[in-house]
Amino acid sequence: MDNINILVVDDDKEIATAIEKLLIIEGFNVEKAYNGLEAMEALVNKSIHLIIMDIMMPKLDGLSATMRIREKKNIPIIILSAKSEDSDKVLGLSMGADDYVTKPFNPNELVARVKSHIRRYTKLGDMNNNNNSTQLQNGSLTLDKEARSLYVDGGLIKLTPTEYGIIDLLMTNPGIVFSAEQIYEKVWEEPAYSVENTVMVHIRRIREKIEINPKEPKYLKVVWGVGYKIEKFK
Amino acid sequence: MDTKLRSLSRNSFIKSIAFILVIVMISSIAGIIIYGYYSGINPEVIFTKNYVNSETYTRDFRDIVQSLDMALSGSDGTIPDGISYYGTRSGQVIASSLSISESEIARIYQLYYHLDNGVLTKYENGNQEEMLTNFSPSGSSIFFVIHSSFYEEQQYLWESGRNQLMPLVITSLAFIVSSIALITYLFMVTGRKIGDNGLHLGVVDRLYTEVILVLIAGALGLWVAVVFTGTGYGSPNKWIGEVVIHSREMMEIYIVTGITAFTTFFVGLGLLSLARRIKGKVLLKSSFGYKVFYRGFVLIKSLIIGENLKGNPPTHTLHKRQVNFVLVSFGLVFLTMILMFTAYPLAFIPPAIEIFVIYLYFKSNKETYEEINKGYSESLQEQLKAERMKINLVTNVSHDLKTPLTSIISYVDLLSREEDLSDTARDYVKIISDKASRLKNIVADLFDLAKSTSGDINLDLERLDLKKLVQQTIVDMDDSIKDSGFIVKEFYPEESVDIYSDGKKLYRVIQNLVDNALKYSLEGSRIYVEVNKDDDWGMFCIKNTANYEMEFTKEEILQRFFRGDQARSSEGSGLGLSIAESFTEVTGGSFDIEVDGDQFKAIVKFRTEN
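Listed in order, the protein sequences are those of chains A and B. Note that the first sequence covers residues 1 to 234 in this note's numbering. Note that the second sequence covers residues 1 to 610 in this note's numbering.
If you're looking for bench data, these hints aren't it; they were derived computationally from the structure. On a predicted model such as this, the values are computed, not experimentally measured, just so you know. Careful, some of the hints might be misleading.
Ranges of calculated distance between the beta carbons of each label pair, as one might list FRET restraints [as the list claims (entries may be wrong)]:
| hint | chain 1 | residue 1 | chain 2 | residue 2 | range |
| --- | --- | --- | --- | --- | --- |
| 1 | A | V201 | B | E594 | 24 to 34 Å |
| 2 | A | P161 | B | F552 | 46 to 56 Å |
| 3 | A | N5 | B | R526 | 21 to 31 Å |
| 4 | A | F233 | B | D460 | 44 to 54 Å |
Every residue, glycine too, gets a C-beta built ideally from N, C-alpha and C.
All chains should be built: construct the whole structure from the sequences, respecting the hints.
Here is the structure:
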């Protein structure tokens with residue numbers, strides 16, 4: 001992880017410092033900024049590979065800064081905010097952020113997410129361009145239909161045939177909700193009867209394999225009382 | 001003793017008996033009167049003991065004289081039995097029932113009468129006395145004698161009539177006196193009850209006073225109508241010493257008695273009700289007219305004075321101006337009409353003034369409307385501001401709590417990564433870390449609860465299957481269920497339970513309830529999870545046996561931060577049930593808790609969608 005520069009933007013200096021120390025332990029180089037404007041300056045002066053951005057800041061807030069940065073740069077931006085509403089998350093992601101972590105955050109989870117985005121940005125950045133037809137890309141998930149295998153941030157994930165079948169179905173139709181019955185009929189190829197538990201157990205296992213925090217899944221989501229889906233990312 | 005009598009007099013049974021007695025007596029009197037009428041007994045028998053002293057005798061005597069005169073003049077006329085006569089005209093005997101000559105009459109009879117050309121003279125023991133004079137002179141002279149047989153018969157009839165009638169009269173008098181007494185009693189005690197001094201109004205008293213008056217008048221009118229149309233078909237029978245009543249006449253007696261009883265009943269009820277109203281001073285108030293008048297008064301008062309607008313100065317001004325405008329306009333129209341008939345050319349002045357008044361009216365109204373609009377938008381602004389402030393407060397407090405907590409958690413984490421920590425220090429760091437994450441959960445829960453109770457919560461409502469949701473939640477919580485060692489028994493209906501709600505919120509509800517059951521169940525007991533459905537409701541229900549004595553009410557446990565175990569030792573924010581309740585309600589369901597001994601039961605209900 002040498003020579004990876006991460007910009008931490010937070011008006012709370014102690015928090016910025018804590019994140020800095022955490023990332024230094026993990027071997028990253030860290031720059032700090034205490035508001036949106038400083039962040040913009042830092043971007044001009046230094047080569048930055050990832051930004052961790054607070055929302056509520058003086059002078060220029062995190063959302064506006066994210067929007068401005070997105071106009072010029074394609075680097076991963078992780079929003080780190082005390083705003084925890086779903087609507088805040090949707091807003092942040094639609095402004096161009098790649099991820100949204102709420103305060104108070106779990107340091108290990110933050111590090112894992114940072115690593116995930118760095119991997120994708122540095123190693124897989126090119127893959128987006130020469131996409132072939134058998135490969136499906138969604139966020140940091142890559143599904144190779146020919147090899148029947150799933151990659152998360154380029155790393156191969158071991159899946160059972162059933163698990164692969166489920167992922168295949170959901171990845172092929174991102175954002176679409178499937179009921180347990182539909183999944184069962186398509187993957188098991190048998191008539192479905194009382195299959196909610198069976199399907200849910202598999203979903204949980206897949207989540208544990210592909211999600212950084214399975215309790216707050218980013219990709220494989222349960223639509224409560226309806227079914228399951230894979231969230232659609234760029 | 002006094003109170004005993006008092007309570008007895010107020011006994012409703014006694015009162016009813018008295019009322020019935022009055023009805024019976026009054027109708028009896030009516031019957032008796034008709035009976036007496038048809039019996040043909042001369043009512044005078046009551047007042048005079050002897051026939052000869054009676055007015056009737058005087059009348060009868062006169063009739064006898066007249067009929068004698070008429071009979072002898074050649075007209076029709078019957079001469080009663082027991083009377084002998086000797087009539088002459090111009091010295092010639094024209095009729096005689098006496099076999100003696102005129103001169104012998106004075107010698108044989110001590111008492112005889114002589115009607116001579118309209119002048120009646122009584123001869124008694126040689127004395128003569130002029131009696132009645134106003135007979136028309138017929139030119140004839142009649143001597144006549146009334147034999148004692150006539151008097152004896154008349155006296156017999158008189159006395160037998162008297163014997164018949166007297167008891168009836170005495171009875172009637174007694175009835176009248178008793179009725180008056182009972183009626184007085186009834187009027188005194190009506191509306192009073194045993195045991196208190198208050199006045200009690202009955203069902204009848206809820207009717208309008210006018211209704212009662214109409215009822216009384218109607219009953220009386222009916223009585224008059226029935227009595228006048230239903231009686232008088234018979235005629236008084238001639239008194240022959242015993243009562244002869246024909247069936248037709250008997251029927252009339254029954255009719256009169258019946259209708260009198262009927263009328264007395266209704267009139268009595270009505271009058272007693274009126275008496276109660278007077279006693280209770282509600283005679284006027286309970287009348288329809290009063291109500292109409294009063295309502296009208298209130299309406300006019302509120303229309304003209306604008307009583308209910310007083311708290312609101314601009315609208316009150318508007319109202320006053322409106323009333324003034326109408327009055328002034330009315331006055332001007334009136335003035336115009338007068339001027340038209342009196343001073344025609346001047347009639348154009350009031351309309352001109354009216355135009356000016358209308359201009360003033362509209363102008364000042366416009367100003368008031370603007371004032372009202374300004375006040376309205378100001379209050380709306382303030383309301384919005386207050387609402388925004390409340391939401392901002394929740395957001396800000398949440399932010400202000402989360403920011404230092406973020407530092408604590410981050411630095412504790414950094415601290416735990418330090419390699420040269422002593423074991424004791426590492427233990428301490430672990431404790432701080434645990435408590436910090438618990439604090440994090442509490443803050444998150446508190447924020448959720450504040451958001452949902454302040455109503456500022458984003459809902460993502462959709463049609464979903466409650467059965468599916470519960471199944472998903474239970475599987476999702478598989479780890480914590482396994483760790484807890486409890487057996488969760490699940491019961492689901494065959495078909496789906498479609499409801500309209502927010503899946504994510506409802507998942508939190510079910511999760512909190514299952515968590516709660518896992519935390520507070522008796523070791524070795526089972527937890528029952530059930531999804532049910534009927535025509536209208538989809539229902540989730542969770543039952544568990546508590547591992548402590550639940551000495552709290554339903555209300556208490558739903559209070560924020562309430563912890564059933566009091567020791568507050570276990571994990572959790574103490575907000576679980578409050579959040580479950582609040583989220584259920586905010587997403588359109590209803591939440592209920594039942595505590596029965598050691599059994600704890602939570603029920604979440606939603607209307608089913610079809």
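Do the hints match the structure? See the list:
Evaluation of the 24 to 34 Å hint for V201(A) and E594(B) yields a pass: the beta carbon distance comes to about 32 Å. Remark: the range hint 46 to 56 Å for P161(A) to F552(B) is upheld by a beta-carbon distance near 52 Å. The supplied range of 21 to 31 Å is broken by N5(A) and R526(B), whose beta-carbon atoms lie about 57 Å from each other. In this structure the supplied range 44 to 54 Å is violated for F233(A) paired with D460(B), their Cβ-Cβ distance being about 20 Å.
The earlier numbered hints that this structure contradicts are 3 and 4.
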